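**Q** Here are the chains, one letter per residue:
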Amino acid sequence: MSEERDELLLAQDQLGKAIEQARAGEDRQLAQQVRDLGEQVVRLLNGLQRLTQIHDPKNAAFDQPVLDLADALRRLYDLLGAVRVVCVEGQVYVNDIRIRLDERTSTASELADELARHGAGGLTFHEPVNGPGIRALTFLLAAAAAPADARRELSEKLQAAGLAMVTPTGFFRLRLSGEKASEPTETGLHRALERAGAVAHDAMAQLAAGRMPNPAPLRRVVAELVDASAELDVVADEAQLPDPEATVYARHTRRVCVLAVVLGRDLGLPHANLADLGVAAMFHDAGYASRAGGAPPDLEQHPVRSLRVLLRQRGFHTAKLRRQLAAVQHHRGAEERPSLYARILRICDDFDTLTRMRATGPILPPGEALRVMASGVGPVYDPVLFQLFVNRMGKWPPGAVLRLADGRVVVSVSGARDPSLWAIPLTHLVRAADGRPAAETTAVDLALEGEVVAELHPAEFLTG
Amino acid sequence: MAQPPPPPAPVESVDDPEERLSGTTPRGQAASGLLVSLARAARSFLLYDPSNEAIRHFLEKLRSSADSYFNVYGDLDLEVRPFELATAGEVIYLDRDRERSLAFRLFRDGVRRVLLRPEVNWPELLKFLEIMSIRYTGVRQTEDDLVVLLWRAGFRHIEVEAVEGLEADDGGESDAMIRAQAATFAGVPETFDLPAPTLGPPAPVAYVPLAPELLAPLVEEDGTYAVPGLCERLVEELTNASLRGEIPFAEVLPSLRELRDFLLGEGTIHPLLRTARLLRDLPLEDPADQEGRDQLIMTFADPGSLARLLRSVPRDARGASQEVVELLDLLPGDHLRTLVKVLEIEKGESARRAARTLIENYVATRAEWLQAYLTTADASVAAELLRAISHASLEHGLQAAERLVERHEMEVEFEMLHLLGRAPVTPQIGRLLGRLVASPHDEIRLRAMEAVRNRAVVSAFRPLVEYLKRVAQIRLDEPEAAMAGEAMARADAMAALAQFREWARPPGLFTVVLPGHVRLHFVAVAGLTTMPGEEPERLVTALKTRAEAPLQAFIIQAMIRRRRNMRGGGG
Numbered sequence: 027m028s029e030e031r032d033e034l035l036l037a038q039d040q041l042g043k044a045i046e047q048a049r050a051g052e053d054r055q056l057a058q059q060v061r062d063l064g065e066q067v068v069r070l071l072n073g074l075q076r077l078t079q080i081h082d083p084k085n086a087a088f089d090q091p092v093l094d095l096a097d098a099l100r101r102l103y104d105l106l107g108a109v110r111v112v113c114v115e116g117q118v119y120v121n122d123i124r125i126r127l128d129e130r131t132s133t134a135s136e137l138a139d140e141l142a143r144h145g146a147g148g149l150t151f152h153e154p155v156n157g158p159g160i161r162a163l164t165f166l167l168a169a170a171a172a173p174a175d176a177r178r179e180l181s182e183k184l185q186a187a188g189l190a191m192v193t194p195t196g197f198f199r200l201r202l203s204g205e206k207a208s209e210p211t212e213t214g215l216h217r218a219l220e221r222a223g224a225v226a227h228d229a230m231a232q233l234a235a236g237r238m239p240n241p242a243p244l245r246r247v248v249a250e251l252v253d254a255s256a257e258l259d260v261v262a263d264e265a266q267l268p269d270p271e272a273t274v275y276a277r278h279t280r281r282v283c284v285l286a287v288v289l290g291r292d293l294g295l296p297h298a299n300l301a302d303l304g305v306a307a308m309f310h311d312a313g314y315a316s317r318a319g320g321a322p323p324d325l326e327q328h329p330v331r332s333l334r335v336l337l338r339q340r341g342f343h344t345a346k347l348r349r350q351l352a353a354v355q356h357h358r359g360a361e362e363r364p365s366l367y368a369r370i371l372r373i374c375d376d377f378d379t380l381t382r383m384r385a386t387g388p389i390l391p392p393g394e395a396l397r398v399m400a401s402g403v404g405p406v407y408d409p410v411l412f413q414l415f416v417n418r419m420g421k422w423p424p425g426a427v428l429r430l431a432d433g434r435v436v437v438s439v440s441g442a443r444d445p446s447l448w449a450i451p452l453t454h455l456v457r458a459a460d461g462r463p464a465a466e467t468t469a470v471d472l473a474l475e476g477e478v479v480a481e482l483h484p485a486e487f488l489t490g
Numbered sequence: 042m043a044q045p046p047p048p049p050a051p052v053e054s055v056d057d058p059e060e061r062l063s064g065t066t067p068r069g070q071a072a073s074g075l076l077v078s079l080a081r082a083a084r085s086f087l088l089y090d091p092s093n094e095a096i097r098h099f100l101e102k103l104r105s106s107a108d109s110y111f112n113v114y115g116d117l118d119l120e121v122r123p124f125e126l127a128t129a130g131e132v133i134y135l136d137r138d139r140e141r142s143l144a145f146r147l148f149r150d151g152v153r154r155v156l157l158r159p160e161v162n163w164p165e166l167l168k169f170l171e172i173m174s175i176r177y178t179g180v181r182q183t184e185d186d187l188v189v190l191l192w193r194a195g196f197r198h199i200e201v202e203a204v205e206g207l208e209a210d211d212g213g214e215s216d217a218m219i220r221a222q223a224a225t226f227a228g229v230p231e232t233f234d235l236p237a238p239t240l241g242p243p244a245p246v247a248y249v250p251l252a253p254e255l256l257a258p259l260v261e262e263d264g265t266y267a268v269p270g271l272c273e274r275l276v277e278e279l280t281n282a283s284l285r286g287e288i289p290f291a292e293v294l295p296s297l298r299e300l301r302d303f304l305l306g307e308g309t310i311h312p313l314l315r316t317a318r319l320l321r322d323l324p325l326e327d328p329a330d331q332e333g334r335d336q337l338i339m340t341f342a343d344p345g346s347l348a349r350l351l352r353s354v355p356r357d358a359r360g361a362s363q364e365v366v367e368l369l370d371l372l373p374g375d376h377l378r379t380l381v382k383v384l385e386i387e388k389g390e391s392a393r394r395a396a397r398t399l400i401e402n403y404v405a406t407r408a409e410w411l412q413a414y415l416t417t418a419d420a421s422v423a424a425e426l427l428r429a430i431s432h433a434s435l436e437h438g439l440q441a442a443e444r445l446v447e448r449h450e451m452e453v454e455f456e457m458l459h460l461l462g463r464a465p466v467t468p469q470i471g472r473l474l475g476r477l478v479a480s481p482h483d484e485i486r487l488r489a490m491e492a493v494r495n496r497a498v499v500s501a502f503r504p505l506v507e508y509l510k511r512v513a514q515i516r517l518d519e520p521e522a523a524m525a526g527e528a529m530a531r532a533d534a535m536a537a538l539a540q541f542r543e544w545a546r547p548p549g550l551f552t553v554v555l556p557g558h559v560r561l562h563f564v565a566v567a568g569l570t571t572m573p574g575e576e577p578e579r580l581v582t583a584l585k586t587r588a589e590a591p592l593q594a595f596i597i598q599a600m601i602r603r604r605r606n607m608r609g610g611g612g
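Protein chains in written order, with this note's numbering: chain A, 27 to 490; chain B, 42 to 612.
Just so you know, these hints were derived from the structure itself, not from any lab. Quick caveat, the model's predicted, so the values are computed rather than measured. Treat the hints with caution; some may be incorrect.
[To be verified] Capping the alpha-carbon separation at 16 angstroms, the derived lysine to aspartate or glutamate pairs in EDC-like fashion look like this:
#1 B:102 / A:89
#2 A:43 / B:90
#3 B:382 / B:419
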């Protein structure tokens with residue numbers, strides 16, 4: 027009994043500590059404050075709409091509610107950052123917190139109906155709105171909705187009225203049917219990689235528009251990549267993914283993410299931390315979304331700009347902490363002892379910078395890039411991390427174009443499959459011995475045939 | 042100090058009509074019991090402080106219901122519906138309250154199926170509970186939803202299937218609008234991350250296996266214990282960026298507050314101290330920035346912050362660490378008031394103890410203020426302050442005790458007893474003890490009398506006798522009478538003998554023997570039997586001849602003890 031009691035005491039201690047950590051940055055009044063302010067916002071939004079049915083826009087009856095709403099929004103913004111009001115299935119949520127409205131009143135349904143006229147299921151306030159802005163918003167919402175594309179129309183009107191910080195969101199519902207968790211397959215991985223690129227681009231676009239960093243959409247796709255990296259050669263797959271729609275930046279971000287997750291896995295980071303690392307990689311160049319000073323930052327400026335952008339997200343979380351440090355430190359040399367994630371990202375980031383396909387071709391072929399980076403071990407690159415990276419990438423990393431002794435030209439499509447095969451990747455034929463381009467994908471396993479005599483510059487052989 | 046009685050076991054809210062045991066089959070009912078236990082345990086962290094004993098009760102319940110289910114029925118395969126959980130089509134959990142419902146919480150975040158295998162162990166179940174509890178209590182939930190938290194846990198014996206919790210329901214219009222918006226983004230310039238790093242000539246690379254000992258230190262950098270250090274580093278980065286004009290201090294402030302809150306919650310005093318120093322020494326020029334910084338520094342030592350810091354003092358610590366003292370010295374403000382406030386708001390024993398030891402540092406310079414404060418303070422605070430004062434200075438403690446004589450709360454009187462027990466015997470001590478022997482609390486009276494007896498406090502004799510004369514008319518039980526008699530005898534033997542003689546005198550012919558008189562006989566017997574000489578024994582013997590049964594029995598026992606003590610048997 028005593029042993030059982032001790033176990034329970036220990037469990038209680040550990041749970042208590044975990045919950046205290048999760049509450050860090052919050053105090054017990056916070057949830058109540060958020061509920062109270064959220065309720066105020068919802069009531070005032072709805073109340074103002076009702077007033078428009080009785081009074082004209084200049085009537086003094088609007089004055090106080092307008093100020094009250096502006097004040098409530100400002101206070102909520104200070105607590106949480108961007109404020110999202112969403113009407114779902116008869117309920118109203120403010121930033122995922124359900125607002126408890128008296129069910130005898132019809133506030134929730136009235137607000138939902140008003141928004142629905144404009145094809146909107148909610149409103150997001152990316153910044154506080156002042157009194158005149160609230161008044162303008164009120165009358166825009168009260169106005170007749172466009173017969174088609176109502177939400178887009180409303181969005182444009184809001185922008186024209188100087189209310190770009192307010193965006194109407196679509197309808198939401200809670201999906202009923204389940205989907206089986208995806209098994210890590212090549213096809214599933216490709217979809218996840220494509221989604222990762224799209225999500226990376228969208229995230230940058232949102233940041234460029236002054237929005238708060240939102241890790242939620244990134245987390246799920248990163249989780250899929252983490253799961254896939256346990257069983258598939260995600261580095262090779264990512265290198266081969268055509269994805270012509272993705273921007274250069276999106277591809278870079280995705281690649282750094284994949285390389286970082288794999289490096290983190292080889293290091294032995296726990297499962298959950300790999301996701302944090304992956305999300306940190308997705309945000310590591312957030313500073314390039316910044317246009318402070320009217321222009322994007324240069325190499326030297328972008329780390330601190332990245333930190334500045336990431337500061338917009340409120341609420342303490344260890345993942346956010348690591349992400350912010352990684353962003354601001356990821357171009358520092360290892361001798362300055364930046365954070366672990368920053369050191370990991372430095373390696374992955376530089377490798378991609380050196381080997382990324384550009385209009386004029388990459389700066390260096392992959393194999394040579396590794397050897398050039400090796401000269402920086404110590405001052406620039408963490409020795410242990412770099413060795414792990416080399417062990418994983420192999421002598422001829424994915425994308426390395428190799429001339430074989432018989433004159434064939436192949437491209438590496440695998441990293442190191444095995445320590446004994448570290449210098450012997452799986453390849454695909456690019457050109458036959460007679461110089462003709464390969465008509466179809468032909469695998470050439472260098473473990474079975476062929477001898478590498480030189481690494482060639484990819485620009486000569488590959489397009490885009 | 043007397044401990045309050047333990048709280049009664051919590052009454053489970055079975056009167057909640059929405060959440061009740063469901064299930065039509067034995068298996069379903071067992072599963073229902075498990076789920077209801079889980080939901081209640083998760084909610085308990087909303088209702089109780091994490092260290093509250095009530096939580097242990099809920100954990101016990103969870104464990105036993107989990108054992109009951111898994112040992113008998115194996116898998117628990119749950120289908121998650123908006124307000125219900127079902128297994129094999131049988132509804133085993135129902136709660137339509139969106140705030141309370143475990144089902145709705147899971148459903149809202151996109152979970153559609155949860156499979157718990159019979160091999161699920163207690164640590165995994167606890168982790169599952171932790172995740173449910175966090176989602177019950179968390180407010181800023183932009184980082185992780187339930188699905189992500191469950192994924193991060195990496196369960197081996199719990200599987201989850203999930204969809205996006207909230208999905209757009211507008212025929213793709215939302216996606217299209219987002220795409221359109223993204224398309225207007227001019228994008229990152231092609232020259233991003235250029236120029237490329239300048240490195241030396243190529244060096245050879247080879248496969249080199251790495252021993253786990255080489256990897257372990259790096260993995261530790263990503264561990265929980267490294268987080269406070271990372272907080273410090275981020276504070277440095279933020280403040281440096283601010284000083285260089287790269288990030289306005291106003292934008293940095295909210296993050297500094299969050300980092301401070303985390304460090305306070307962790308109770309990691311070194312990073313907190315260094316952070317406070319760094320902020321204090323920050324050469325800000327803008328008055329608005331200075332004001333923001335100063336306000337932030339003040340919050341390091343506000344009641345809430347101090348309470349959090351002190352809460353993390355280990356149970357077995359003897360008090361607050363020197364670093365906490367250093368931190369307080371670093372920060373402006375009247376920390377004594379803050380520490381007293383902590384005593385008012387904080388219920389945890391280790392935090393209160395830490396606050397008390399910190400207050401001791403102020404006794405020398407703020408004794409008057411403390412003494413004035415404690416006269417109107419809440420009883421528990423007054424007791425703590427008295428202890429702090431008397432630990433620091435006996436003299437100030439006694440002065441404080443004088444101010445508390447009119448207070449009769451048990452905690453206060455207990456604390457006074459402790460204090461008087463340490464002080465040398467003086468008329469002042471006697472006077473104070475004399476007040477305590479007349480306490481409204483039985484235990485206090487007994488202990489006070491015991492102190493008078495053990496320390497032979499002469500000056501407490503008279504007050505004790507006055508008290509006995511008063512109370513004997515109403516009630517005086519045997520133990521108290523016995524202790525009182527012994528105390529009188531030790532405090533002042535001659536005066537006691539005279540008093541006992543009077544009380545033991547046979548009544549006059551027409552005198553009615555009142556119950557109060559008889560009660561005083563018990564006192565007299567108890568005192569006389571501890572006194573040497575023939576007269577005490579003669580008086581007791583005389584009393585015995587006319588005593589009724591209870592007093593006779595008391596006398597016999599007292600005489601036995603007397604004989605034993607006289608023979609040197611002690612006891």
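**Q** Evaluate each hint against the coordinates.
**A** Right, here's what the structure says about each hint:
{"no.": "1", "hint": "B:102 / A:89", "verdict": "55 angstroms, violated"}
{"no.": "2", "hint": "A:43 / B:90", "verdict": "11 angstroms, holds"}
{"no.": "3", "hint": "B:382 / B:419", "verdict": "11 angstroms, holds"}
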